[in-house]
Amino acid sequence: MARVITVSVVDDDRMLLDGLRAWLGGVPELRLVATAATVGELLGAPDAQRPYGFGATGYAPPDIVLLDLLLRDGSAPADNIRRLLRTGSRVLMISTVPDRSRIIEAVRAGADGYLTKDHDLPTLVAAIKDLASGQGSLSTELAFACAYDDSPARPRLSPRERQILLDYASGLTLKSAARRAGITVHTAKDYLDRVKAKYQQAGRPTYTKLDLARRVREDSLDAG
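Start counting the sequence shown at 1; every next residue gets the next number (the UniProt record's numbering).
Just to be clear, a hint being listed does not mean it is correct.
Straight line, CA to CA, 30 Å or less: simulated DSS-like cross-link-like pairs of lysine-lysine [what the hints assert, rightly or not]:
#, residue 1, residue 2
1, K198, K209
2, K209, K189
3, K129, K175
4, K198, K175
Just the calculated beta-carbon pair ranges, DEER-fashion [to be verified]:
#, residue 1, residue 2, range
5, A60, W23, 16 to 26 Å
6, S158, R82, 44 to 54 Å
7, R156, G134, 23 to 33 Å
8, D190, R82, 32 to 42 Å
9, T87, G182, 42 to 52 Å
If you are wondering where the hints come from, they were derived from the structure by calculation, not from laboratory data.
Glycine included, each C-beta is placed from N, C-alpha and C at the ideal position.
Make the full structure from the sequences, and use the hints.
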């Protein structure tokens, strides 16, 4: 029997919340466990709606949180994302507009995906399932924003540096990554050191394999 994915929604648009309740209620693999107008409400305020008796004695983080990019309480999107990530949930941003700079900012803060609100239910469900399975959610908006991200925080990597980074960060040993690229281990290490140096210069220190994997995800380097 397939595991049910728990989902919460943070959005201050009541009509959208009603629509999501109706939408997600018809998907057997998903269970909507809470809705709230702010992250603070979701994490602890009594007026967050918990239709399934969610967290009566404390906050029980869902698998996925759908988070509106801009909330009327004026909270910073990056702060909201980080608060939710600290609970252990994965975060899928939803917004009315595909603002490139805001998408990049959200990804930098750790958001796992980004969708505009004009997508249909199958697209939303597919994105939620991707995140729950440990994958990223690569929407058209996210792919476009990352492809044209020319901010100083995103280093310019050569094709070979990118190849070694992707192979190594995906789980290959450096020796295997070198063999796949047709170069020596020493040369592969040089490329990897250059990648780390470029991220250091961009103000995003990257030391470990886990750090490298995080940069791949943040910059959607595996998107193309």
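Here is how each hint holds up against the structure:
Straight-line distance between C-alpha atoms of K198 and K209 comes to about 15 Å, which keeps the hinted pair within the 30 Å bound. Of the supplied pair hints, the one linking K209 and K189 holds, its CA atoms being roughly 13 Å apart against a limit of 30 Å. For the hint linking K129 to K175, the alpha-carbon distance of about 33 Å lies beyond 30 Å, and the restraint is violated. Of the pairs offered as hints, the one joining K198 and K175 holds, with about 22 Å between alpha carbons and a cut-off of 30 Å not exceeded.
Taking 16 to 26 Å as the suggested C-beta distance range, the pair A60 and W23 conforms, at roughly 22 Å. Taking 44 to 54 Å as the suggested C-beta distance range, the pair S158 and R82 does not conform, at roughly 32 Å. Taking 23 to 33 Å as the suggested C-beta distance range, the pair R156 and G134 conforms, at roughly 28 Å. Separation of D190 from R82 is about 34 Å and conforms to the stated range, judged on CB atoms against 32 to 42 Å.
Checked against the hint of 42 to 52 Å, the C-beta distance between T87 and G182 comes to roughly 44 Å, which is consistent with it.
Consistency note: the structure conflicts with the earlier hints numbered 3 and 6.
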